[in-house]
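Chemist: These are the residues of each chain, in order.
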Amino acid sequence: MASYLIRRLAMLPFVALGVTLLLFALLQLLSPEMRASLYVKDPRQLSALESVIETYHLRDPFPIQYWTWLKQILVGDLGYSETARMPVAEAIKAFFPATFELALTAFVPTLLVGIWLGTKAAVYQDRPLDHFSRFMAITGYSLPSFVLGLLLLMIFYGRFNILPPGRFSLEADLFIHSANFTPFTGFLLLDSLLNGKLWIFWDALKHLILPAATLFYNSVALLIRITRSSMLEEIHKDYVRTARAKGVEESDVINKHARKNALIPVITSSSLLLVGLLGGVVITETIFNYPGIGRWGVNAAQQLDIAGIMGFALVSATLFVLGNLAADLLYAFVDPRVRLK
Amino acid sequence: MLKRLRKKPLSLIGLGLIVFFALVALLAPLLAPMAPNARDPYLIPQDGYTSDPTPPSSKHWFGTTEQQYDLYYGIIWGTRTAFKIGLTIISMALLVGITLGSLAGYYGGWLDEVLMRFTDIILAFPAIVLAVVIVAVLGPSLSMVVLAIALVAWPSYARLLRADILSVKQREFVLASRALGATDFWILTRRVIPNAIFPVLVVASLDIGSVVIMAAALSFLGLGAPMGYADWGQLISLSRNWILGTPQNPLQFWYTAVIPGGTIFLFVLGWNLLGDAFRDILDPRQK
Chain L
1210 MASYLIRRLA MLPFVALGVT LLLFALLQLL SPEMRASLYV KDPRQLSALE
1260 SVIETYHLRD PFPIQYWTWL KQILVGDLGY SETARMPVAE AIKAFFPATF
1310 ELALTAFVPT LLVGIWLGTK AAVYQDRPLD HFSRFMAITG YSLPSFVLGL
1360 LLLMIFYGRF NILPPGRFSL EADLFIHSAN FTPFTGFLLL DSLLNGKLWI
1410 FWDALKHLIL PAATLFYNSV ALLIRITRSS MLEEIHKDYV RTARAKGVEE
1460 SDVINKHARK NALIPVITSS SLLLVGLLGG VVITETIFNY PGIGRWGVNA
1510 AQQLDIAGIM GFALVSATLF VLGNLAADLL YAFVDPRVRL K
Chain G
123 MLKRLRKKPL SLIGLGLIVF FALVALLAPL LAPMAPNARD PYLIPQDGYT
173 SDPTPPSSKH WFGTTEQQYD LYYGIIWGTR TAFKIGLTII SMALLVGITL
223 GSLAGYYGGW LDEVLMRFTD IILAFPAIVL AVVIVAVLGP SLSMVVLAIA
273 LVAWPSYARL LRADILSVKQ REFVLASRAL GATDFWILTR RVIPNAIFPV
323 LVVASLDIGS VVIMAAALSF LGLGAPMGYA DWGQLISLSR NWILGTPQNP
373 LQFWYTAVIP GGTIFLFVLG WNLLGDAFRD ILDPRQK
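Chains as they are written, first to last, in our numbering: chain L, 1210 to 1550; chain G, 123 to 409.
Because the hints were derived from the structure by calculation, they are not lab data.
All residues carry an ideal CB built from backbone N, CA and C; glycine is no exception.
A hint or two may mislead.
Unchecked claim - Label pairs and their calculated CB-CB ranges: (1) G:N363 - L:R1546: 52 to 58 angstroms; (2) G:G384 - L:L1379: 31 to 37 angstroms; (3) G:P178 - L:S1378: 45 to 51 angstroms; (4) L:R1453 - G:R300: 49 to 55 angstroms; (5) G:R312 - L:R1336: 25 to 31 angstroms; (6) G:N363 - L:I1371: 16 to 22 angstroms.
Next up, chain L with everything else stripped away, as it sits in the complex (with noise of 0.2 angstroms):
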């Protein structure tokens, strides 16, 4: 496992040199004035451009640029975003929570709901709740996150008004502000909970339903179709057979011993379920105009704020790479013949 894991952690500072060199060969499409933007600490500087493109080389080579950009971004300098009106590094502390909490919110029913309804569906083959789960596997995927938010808003927003857009009520966003609230960690249903007001915990759940609705039923669709089918192809083995044979129960013939062994492919594609729930995150939060990584990032793209679009390029490829690495290390620790190869 130790080695597996080194060789494997080898190869992040190579990725990452790619991922950066990629981006920044990008920009090099723009002229330098609109690069500047990527150097700039103080909104100040906005005003004094062609100082900024002296001072870090931006009429130089690219091998040069690069490489002051580098230094720059090493000590976590990633300049200034004007749609955010703050410094990169401190938009995305300010974004990334609503994001995780939206991301972890649509995360967990995703899996519980996706495993249980892929497994019911591999048992009870061609059965009304197998036809049921393929129903919500090709609406799934069928149905785009921008067309079911819409229509998620105008029912539960614009008919009974009882889920509203957005991440807290204006009443909601006083309070949190204010001298009495402290922000422990940024996540707003635990912050809540952990200032003892309820009544934040329940605003904060009602804004998060939708774009969690939104993203789980775009998703829930690839975990119940990698699961119905891994079990299906379990289940008719031979180990399953001598279970049966034996005479074990047969709850735990499919929980016990067909499950497990049918799970590890799962683990293998939640790095796909991942770049669903990322890239669903850039929609959704558009949609629901929910303050978090992704709609910046739309924002930013709309008004070409550069610094601001390499900061969410740059945060989303973080998360993505970190999340396939932890899909590949969990697949290693749960089946001993990836790690051996």
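With chain L's structure known, arrange chain G on it following the hints.
Modeler: Relative to the frame of chain L, chain G by itself:
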């Protein structure tokens, strides 16, 4: 293969949907004739400039969006846009993917290593994130959306083809050609690629549904088609301001979201139903 498709009623529904949309796209000039003085058929005619959408009527079958763009016209010509976008993205991605994937698989060595590490880097981003970044840098427009999605889509085709070529190039008929003194180029284009390309072509053609969703998403985010262009994603984004109706009739503007949203759903559903059937046929484990 067609025989096995016929056994799956759902795949026939999928095929039916795609044929239906293809007919709509082909017959667009008959179904929704251009206004006599219009120059570009993809620009939706406006009936006045009032901001509120109007419900379906005999004059506007599907109603109008804000600023009076006719939804029916937009949906019909938007079908052409969807096919154009989908086919262009997939052919561009396939062209790059096949070229680089076959070079990497056939020649191996440092070329393979460099190309595969490059695909690793592109695949280190969630596709939509990289597409958003590329479109933002190149300048938002529909053609840049197409280019951006093709740029993020090719690596998976390149990898798929490379893996197939690795096994095909070991087969006897390739070794025989080489023994007979055929050039690398001839072996690659006449023997190796034709025997390895089929799965990539199937996978790629069934991806049309998902690339159309991604293009619509970018248009929805305001990075794609300009205002008034017949594009489904753009039509859906026009409904964002009309989530709330009046207190008497809260769902007053339902048609602005349901009609374009339903259209794109059926289009993608068609591709996915067909894709499922093909996946079952191609995957021997699922028998």
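Chemist: Next step is simple, just say for each hint if it's right about the structure.
Modeler: Hint-by-hint comparison with the structure:
1. G:N363 - L:R1546: 52 to 58 angstroms: 55 angstroms, holds
2. G:G384 - L:L1379: 31 to 37 angstroms: 34 angstroms Cβ-Cβ, so the 31 to 37 angstroms window holds.
3. G:P178 - L:S1378: 45 to 51 angstroms: Violated, since P178 of chain G and S1378 of chain L (Cβ atoms, about 35 angstroms apart) do not stay within the stated range.
4. L:R1453 - G:R300: 49 to 55 angstroms: Since R1453 of chain L and R300 of chain G have Cβ atoms about 52 angstroms apart, the given range 49 to 55 angstroms holds.
5. G:R312 - L:R1336: 25 to 31 angstroms: Taking Cβ atoms as reference, R312 of chain G and R1336 of chain L lie about 50 angstroms apart, which means the hint is violated.
6. G:N363 - L:I1371: 16 to 22 angstroms: 21 angstroms, holds
In terms of the numbered hints stated before, the structure departs from hints 3 and 5, listed from lowest to highest.
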